[in-house]
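Undergrad: Protein chains in written order, with my numbering: chain X, 1 to 307; chain G, 308 to 851.
Please keep in mind that the hints were generated in silico from the structure rather than gathered at the bench.
There may be inaccurate statements among the hints.
Listing some non-contacts, in silico: residues in chain G with all C-beta distances to chain X over 12 Å [to be verified]:
1. Pro401
2. Ala441
3. Glu461
4. Pro655
5. Ile662
6. Ile664
7. Thr680
8. Ala689
9. Glu776
10. Asp815
11. Gly831
Interface residues of chain X toward chain G, partial, derived using beta-carbon atoms under 7 Å [what the hints assert, rightly or not]:
12. Leu72
13. Ile230
14. Val286
Just so you know, even glycine gets a beta-carbon here, dropped at the ideal spot from N, CA and C.
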Amino acid sequence: MSENTAAAVSLGTARRGGVSRSPSVGTIFRVVFILIALTFSLFPVVWIISAAFNPSGSMVNQTFIPQNVESLDELLTNFNRLFNDPTVPFWSWMFNSLAVSGITTVLTVAMAAVSAYSFSRFRFSGRRALLVTTLLIQVFPNILAMVAIYLMLLQIGRYIPFFALNTHGGLILVYLAGGMGVNVWLMKGFFDTVPRDIDESALVDGATHWQTFRLLIVPLVTPVLAVVSILVFVGTLNEFLLARIILTDREKWTLMVGLFNFVSAEFTNDWGVFAAGSLIAATPVVLLYISLQRYIVGGLTAGAVKG
Amino acid sequence: MSASSLASASAGGKSAGAGGSPPAPSAPPASVSTLNYLVRLLLLGVINAGVLVFGVTLINDGNAFLGGTIILTTLLLSVVLLRNALKPMRWMVPSLALIALLVVYPMFYTLYVSFTNYSDGHRHTKNEALAMMAAEKFLPEGAVSYEWNVYRREGAAEDDASAYALLLTDEAGGSFFAAQNTALETVSAGDPPEAFSGYLLLSGGDRFRALQVIQAMQFGPADAPIGIQSRSAAGEFQQRWVFDAARDVLMDRETGAEYPADNAAGEFRAASGGTAPLGFWVPTGFENYSRLFTSPVLRGPLVQVFGWTVMFAFFSVVTSFALGLGMALVMNKPFPGIRIVRSLLIIPYAIPGMISILIWRGMLNLNVGVINTTLENLFGWAPPWSVDPAWAKIAIIMVNLWLTYPYFMLICSGALQAIPTSIYEAAEVDGATAWEKFWKLTLPLLLVAVGPLLVASFTYNFNNYLLIEAMFQGGPPIPGTSAPPVGYTDNLISYTFRYAFAAGGTRDYGFASAIAVVIFLIVGALTLFQFRFTKRLEEIGENV
Numbered sequence: 001m002s003e004n005t006a007a008a009v010s011l012g013t014a015r016r017g018g019v020s021r022s023p024s025v026g027t028i029f030r031v032v033f034i035l036i037a038l039t040f041s042l043f044p045v046v047w048i049i050s051a052a053f054n055p056s057g058s059m060v061n062q063t064f065i066p067q068n069v070e071s072l073d074e075l076l077t078n079f080n081r082l083f084n085d086p087t088v089p090f091w092s093w094m095f096n097s098l099a100v101s102g103i104t105t106v107l108t109v110a111m112a113a114v115s116a117y118s119f120s121r122f123r124f125s126g127r128r129a130l131l132v133t134t135l136l137i138q139v140f141p142n143i144l145a146m147v148a149i150y151l152m153l154l155q156i157g158r159y160i161p162f163f164a165l166n167t168h169g170g171l172i173l174v175y176l177a178g179g180m181g182v183n184v185w186l187m188k189g190f191f192d193t194v195p196r197d198i199d200e201s202a203l204v205d206g207a208t209h210w211q212t213f214r215l216l217i218v219p220l221v222t223p224v225l226a227v228v229s230i231l232v233f234v235g236t237l238n239e240f241l242l243a244r245i246i247l248t249d250r251e252k253w254t255l256m257v258g259l260f261n262f263v264s265a266e267f268t269n270d271w272g273v274f275a276a277g278s279l280i281a282a283t284p285v286v287l288l289y290i291s292l293q294r295y296i297v298g299g300l301t302a303g304a305v306k307g
Numbered sequence: 308m309s310a311s312s313l314a315s316a317s318a319g320g321k322s323a324g325a326g327g328s329p330p331a332p333s334a335p336p337a338s339v340s341t342l343n344y345l346v347r348l349l350l351l352g353v354i355n356a357g358v359l360v361f362g363v364t365l366i367n368d369g370n371a372f373l374g375g376t377i378i379l380t381t382l383l384l385s386v387v388l389l390r391n392a393l394k395p396m397r398w399m400v401p402s403l404a405l406i407a408l409l410v411v412y413p414m415f416y417t418l419y420v421s422f423t424n425y426s427d428g429h430r431h432t433k434n435e436a437l438a439m440m441a442a443e444k445f446l447p448e449g450a451v452s453y454e455w456n457v458y459r460r461e462g463a464a465e466d467d468a469s470a471y472a473l474l475l476t477d478e479a480g481g482s483f484f485a486a487q488n489t490a491l492e493t494v495s496a497g498d499p500p501e502a503f504s505g506y507l508l509l510s511g512g513d514r515f516r517a518l519q520v521i522q523a524m525q526f527g528p529a530d531a532p533i534g535i536q537s538r539s540a541a542g543e544f545q546q547r548w549v550f551d552a553a554r555d556v557l558m559d560r561e562t563g564a565e566y567p568a569d570n571a572a573g574e575f576r577a578a579s580g581g582t583a584p585l586g587f588w589v590p591t592g593f594e595n596y597s598r599l600f601t602s603p604v605l606r607g608p609l610v611q612v613f614g615w616t617v618m619f620a621f622f623s624v625v626t627s628f629a630l631g632l633g634m635a636l637v638m639n640k641p642f643p644g645i646r647i648v649r650s651l652l653i654i655p656y657a658i659p660g661m662i663s664i665l666i667w668r669g670m671l672n673l674n675v676g677v678i679n680t681t682l683e684n685l686f687g688w689a690p691p692w693s694v695d696p697a698w699a700k701i702a703i704i705m706v707n708l709w710l711t712y713p714y715f716m717l718i719c720s721g722a723l724q725a726i727p728t729s730i731y732e733a734a735e736v737d738g739a740t741a742w743e744k745f746w747k748l749t750l751p752l753l754l755v756a757v758g759p760l761l762v763a764s765f766t767y768n769f770n771n772y773l774l775i776e777a778m779f780q781g782g783p784p785i786p787g788t789s790a791p792p793v794g795y796t797d798n799l800i801s802y803t804f805r806y807a808f809a810a811g812g813t814r815d816y817g818f819a820s821a822i823a824v825v826i827f828l829i830v831g832a833l834t835l836f837q838f839r840f841t842k843r844l845e846e847i848g849e850n851v
């Protein structure tokens, strides 16, 4: 029912009032619109897949269907070049990205969940002030303080090498702090929807708060933990500015910093290699997104924004 | 509702037992909790002591703000951990520590740095700069005090610098053996021995070759090292830069020049005008801000950068919201294969942004990119994307549209489903056309739900560094700007980045921080506007 009405609305916008009301016009219009959108959205994707398998590897010679391919090995020319080029430590970059994002995700979810439980279940003086403060703080993206963050790691690094500039420890610390506010809020919102009677009865039965949290609440809030995990993981994986400032060694770069610097050099000639690397890096993330799109949409509307 | 009972239950460790819920058996004996408390106290004491030492070290080295913040944060969190009334906050100690130290402190520190001249040449505090310069040694001319002979550890390779040692003979005939980083060892007078504690004397050609290795090296104790001055003479190194704290003057012992400290400019400047190799950073008041707003070299680009930042954010949101909404409306009626189409359409949003942008950058390459070669073939002309300011901006907005519209499609799809059908039925009864229903019902209702996200998206794109940098690195450059060069597609955040971190340029942290503070203010204003939209702040008071 609602769908029909809304569709009528959509056709109305499309027709700009004038044209006839026959449904076939609307259908044709819809199909054309969708086809244009699909072309716009998918052409770059198809093009990069084609580039990855073009043996010539340079942008000038790229054809849509790879030409003169006689063996599987030839089809994988760009991949072989990518893996064997000593100046492009692709797997190190992949590993760095996955490690930094993975550790950040696990720690963020753990710390934010515990904080959110406390905000959701306890009443204490200063609670409201703390909540408002975290909300206000998280509206300023931490890249605005990039200079201060850089100088701070510089200063701290002289005493604690683990968190110095050019370390993954320092980068993870910065990521953890940067996303904490918004994720605590996201989780608290969900925690509030879990009826209090559940944990109250457990407390009456003699469970401690920690037991209640771990054995009762955590299983109930798994959906929001999943949402936050995905958003944090993908967000961290995509982050560029702070990673670029903090990590200076080629071997320590994350994938995004590595790809950016790789491309800055000889782009048109290394197009195929870049395409191969992009394909490897993007495929898992895209599959993750598509398979979990329902969760992600929920998380997006709750406040996290990519674009 | 049940909040009050929980509140009392959680208000304190022991009152949880007494306050009602679990009856006697689970309440721990007093002695256990006392022991527990003591252990906690001890642990915290150890941690606090460590942090205190660290903080004081930072303060002594001139980083008073950081040291102070770390100490203060630790003390506050210790109070949280010890006071039972604050027990619920114990759950958040790690989060709060992180937010305090790595989010809140950097904000204030940005503000502070924006009032200093922290930059290349002024990268250290005065104490740090003096300490670094004090490490520089020189060999005074003429102060010959030793004749030298060189020894090498038995069996060591010729190029192993660490294997060399000197035998020094002073004018009175006393001999000393000087290995590296050890005190001088007195040797009985007379001709130099052929071998001394595992070292062998080098002479003739060996001695000459050894000179190549050891001529710039330091021997003997690290605090008063000795070096080779000539083919036969050695002398004691001296500290080159000596600071006279009483007169606040830095002296160059090598040249005899004096460099009085200029504490307003953060330099040691000689009367002749030369400066010592290292300056230090000092507060300079509003200098960065007045440069930002009054310097004609900066003002022109800044106005352009600011205008484009707003324009980019605005058009990004409007275009991707429009297309996203359009797609959501089109996709609102089920058709065969809708799930596959929807999955395909969100692919651009799922691909890591950096990768998508670089793909577009390749496709928009002027000479060999697929888009331009195709257009050339079809029309004999293609837009000069990366060299023309206007086309560069269009390219960026187009790429952002590609990246972002699936997001708005997802959001709008959800919001459309939530609009109750009864409204449309009522409108139809009143004879509204489809056009009117869209403008008067769908869009306003949608904006209520999506409005805050539009503002959030505006804020995000206001600070979109990734797209600007990965696409054209801010280019094409604005003529007349150099070191760092500023481009027509630079936005405020990439402009900040260029002043603080651009390769090749001077790193001017103070100035970059001043720009960042301006952005903070703008984002703050935007957020106020957004809160008006959501009334989220008021909700906090009510619902929780």
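Undergrad: If a hint holds in the structure, say so; if it does not, say that too.
TA: Going down the list of hints, with the structure as the test:
Distance to chain X contradicts Pro401 of chain G as a non-interface residue, since its nearest Cβ pair spans about 5 Å, not more than 12 Å. Chain X leaves Ala441 of chain G outside its interface by the beta-carbon criterion, the shortest separation being 17 Å against a cut-off of 12 Å. Distance check for Glu461 of chain G against chain X: the nearest CB is about 37 Å away, which clears 12 Å, and the non-interface claim stands. Distance check for Pro655 of chain G against chain X: the nearest CB is about 5 Å away, which does not clear 12 Å, and the non-interface claim fails.
Distance check on Ile662 of chain G: its Cβ comes as close as 5 Å (rounded) to a Cβ of chain X, failing to clear the 12 Å threshold; non-interface status is violated. With 12 Å as the threshold on Cβ separation, the claim that Ile664 of chain G sits away from chain X is violated: the shortest Cβ distance comes to roughly 9 Å. Annotated as non-interface, Thr680 of chain G brings its C-beta within 12 Å of a C-beta of chain X; the closest such distance is 9 Å. Residue placement check: Ala689 of chain G keeps its beta carbon more than 12 Å from all beta carbons of chain X (closest about 15 Å).
Taking the minimum C-beta to C-beta distance to chain X, about 7 Å, the non-interface status of Glu776 of chain G is violated against the 12 Å cut. With a least CB separation of 10 Å from chain X, Asp815 of chain G falls inside the 12 Å interface cut-off, contrary to its annotation. Residue placement check: Gly831 of chain G does not keep its beta carbon more than 12 Å from all beta carbons of chain X (closest about 7 Å). About 25 Å separates the beta-carbon of Leu72 of chain X from the nearest beta-carbon of chain G, more than 7 Å, and the hint is not met.
Hint status for Ile230 of chain X relative to chain G: violated, with the closest Cβ pair at about 11 Å, above 7 Å. Annotation: Val286 of chain X was flagged as interfacial toward chain G, and the flag holds, the nearest CB pair being 4 Å apart, inside 7 Å.
This entry does not satisfy hints 1, 4, 5, 6, 7, 9, 10, 11, 12 and 13, going by the numbered hints stated previously.
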